[in-house]
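**Student:** Starting from the given sequences, assemble the full structure and let the hints guide the process.
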Amino acid sequence: MLLIGQVRAIRVLCQVADSGSFAAAARALGMTQSAASQHIGALEGVVGLPLVQRGTRPLELTEAGAALVRYGTVMLTQLDGAEQTLGEIGGRLAGRLRLGSFPTALVSFVGEALVKLREQRPGLQLTVVDEHMQGLVPRLESGELDLAVVFDHHPGLPGKVLGGLSHVTLFDDHYRALLPAGHRHASGAASLPLRALAGESWIGGRTGSTWFRIVQQACRTAGFEPRTILATDDYRAVQAFVAAGLGVAVVPGLAAAHPLPGIVVRELPTAPARRISVARLPGEPVLPQVRAMTDILIDVTARLRRPPDRRTDQGEGVHRRAGSQTSEARRVAPPAS
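So for the sequence shown, UniProt numbering puts the first residue at 1; every next one is plus one.
Among the hints, erroneous ones may be present.
To be verified - Pair by pair, the computed Cβ-Cβ distance ranges are:
id, residue 1, residue 2, range
1, Thr73, Pro50, 16 to 22 Å
2, Leu76, Lys116, 43 to 49 Å
3, Arg184, Thr270, 18 to 24 Å
4, Thr221, Ser142, 34 to 40 Å
5, Lys116, Ser142, 26 to 32 Å
6, Thr73, Gly30, 15 to 21 Å
7, Thr221, Ala243, 26 to 32 Å
8, Val129, Leu79, 30 to 36 Å
9, Gln53, Gly164, 48 to 54 Å
10, Arg118, Met75, 40 to 46 Å
11, Val128, Met75, 37 to 43 Å
12, Glu225, Gly143, 43 to 49 Å
13, Val286, Glu83, 19 to 25 Å
14, Gly123, Gly143, 19 to 25 Å
Claimed, not checked - Distance condition first, Cα-Cα at most 20 Å in a straight line; then the derived SDA-like pairs of lysine to any residue:
id, residue 1, residue 2
15, Lys116, Gly95
16, Lys116, Val168
17, Lys116, Asp299
For the record, the hints were derived by calculation from the structure and aren't laboratory data.
Just so it is clear, CB atoms sit at the ideal spot from N, CA and C, and this is done for glycine as well.
**Tutor:** This is the structure we're talking about:
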C-alpha cells in the first residue's frame with residue numbers, strides 16, 4: 001500500500017517519465033542522481049514491481065510504472081492544489097481581510113467601521129475594493145473577497161436576481177427626495193408625498209437602469225409619470241444639478257446623506273427602499289476578522305436603524321428602522337450605487 005511517505009518518490013517517478021533520465025529528473029527536482037535512483041528503488045520495494053526499465057536510453061517505464069505515473073500525476077496535482085489552498089487559508093487566518101463595498105456605503109459608514117477594525121486588530125492586512133453591485137457579487141462568488149457590503153431591493157421592485165450569499169441585514173435605506181433650496185416644498189414639513197412632485201422637472205437615472213425603473217414605478221404608483229430632463233447614474237452629478245435648481249430627484253437615503261449646499265432632503269412616506277447587508281459565501285468557516293467586521297458594521301449602522309427624525313432642517317437625511325437578521329442575500333441588476 002502506498003503511504004504519504006512515498007509522495008516524494010512518486011514525484012521523482014513522474015519527473016523521470018517526463019525527462020527520460022535519472023540525471024535530468026534529479027536536476028529538475030534539486031537532488032542528486034543517486035538520491036533520485038534511491039527514491040525509485042524504494043518505491044519499487046513498496047509496490048513489489050519494477051517501475052522503470054533500467055539500461056534503456058531514454059529510460060522507459062514498465063507497465064506498472066506507466067500506470068503509477070498516470071494516477072500519480074493526478075494525485076500530485078490535487079496535492080499541490082491543496083497546498084496552495086491551505087496556504088491561502090493560513091494567510092487569511094493570520095490576518096487578512098478583503099472587503100468590498102458599493103460607493104455610497106463606503107463614504108457613509110464603511111470608513112468608520114474600518115477605523116474601529118484597525119483599533120481592534122492593528123496588525124490586520126486590509127484590502128478594500130470600491131465596486132458597484134454588478135461587480136461585488138461575482139467577486140464574492142469567485143473568492144476574491146471575504147466580505148462585501150451589498151444591497152437588495154424589497155419584493156415587488158425591479159432589479160432583483162436571486163443569489164446564494166449568506167448575509168446579515170444592517171438597515172433599510174429608504175429613498176429620499178432632493179429639492180433645490182428655493183423650491184416651494186423646501187420650507188414645509190420633513191415628509192413630502194411623492195405625488196407633490198408630479199409636475200416637476202426630474203433629474204434621474206438613465207433609462208433602463210435599476211434606479212430609473214424603481215423611481216418610475218414609485219411615481220406611477222403615485223399616479224404620475226416623472227418628466228426626466230437630465231439623466232445620469234452619478235449621484236454627485238444629480239446633487240449638482242438639483243443644487244443648481246435644474247430639477248428635483250429621488251435617490252437612496254445614503255446618496256442623500258451628505259447634500260450639497262442648496263439642497264433640501266425630504267422624507268417620502270411611501271418611498272421604496274433597498275436593504276443594506278453585509279454578505280459572504282455560505283458554507284465556509286467564518287474567520288475571526290470576518291466576524292469582527294460584521295459586528296462592527298452592525299454597530300456603526302445602528303444610527304441608521306433609528307425611527308424617522310421629523311426635523312425640517314435643510315439637508316437633514318432621515319432613515320427608518322430596520323432590524324438585523326441573517327438570511328439569503330439576493331443579487332441585483334446593475335444600478336447606480
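**Student:** Look at the Cβ atoms of Val128 and Met75 and judge whether their distance stays inside 37 to 43 Å.
**Tutor:** holds (39 Å)
**Student:** When you take the CB atoms of Val129 and Leu79, is the distance between them in 30 to 36 Å?
**Tutor:** 31 Å Cβ-Cβ, so the 30 to 36 Å window holds.
**Student:** Okay, Gln53 versus Gly164 on CB: inside 48 to 54 Å?
**Tutor:** Given range 48 to 54 Å: holds, Cβ gap about 53 Å.
**Student:** In this structure, is the beta-carbon distance linking Lys116 and Ser142 contained in 26 to 32 Å?
**Tutor:** holds (28 Å)
**Student:** With the threshold set at 20 Å, check whether the alpha-carbon distance from Lys116 to Gly95 stays at or below it.
**Tutor:** The hint holds at about 16 Å.
**Student:** Is it true that Thr73 and Pro50 lie within 16 to 22 Å of each other by Cβ?
**Tutor:** holds (19 Å)
**Student:** Verify the CB-CB distance for Glu225 and Gly143 against the hinted window 43 to 49 Å.
**Tutor:** holds (44 Å)
**Student:** Confirm or reject the claim that Arg184 and Thr270 have a C-beta distance inside 18 to 24 Å.
**Tutor:** holds (21 Å)
**Student:** At the C-beta level, are Thr221 and Ala243 separated by a distance inside 26 to 32 Å?
**Tutor:** Holds, since Thr221 and Ala243 (Cβ atoms, about 28 Å apart) stay within the stated range.
**Student:** Can you let me know if the beta-carbon spacing of Thr73 and Gly30 is within 15 to 21 Å?
**Tutor:** Given about 20 Å between the Cβ atoms, the range holds.
**Student:** Would you say the C-beta atoms of Val286 and Glu83 sit inside 19 to 25 Å of each other?
**Tutor:** Given range 19 to 25 Å: holds, Cβ gap about 23 Å.
**Student:** Please work out if Lys116 and Val168 have their alpha carbons no farther apart than 20 Å.
**Tutor:** holds (19 Å)
Of the numbered hints listed earlier, not one is contradicted by the structure.
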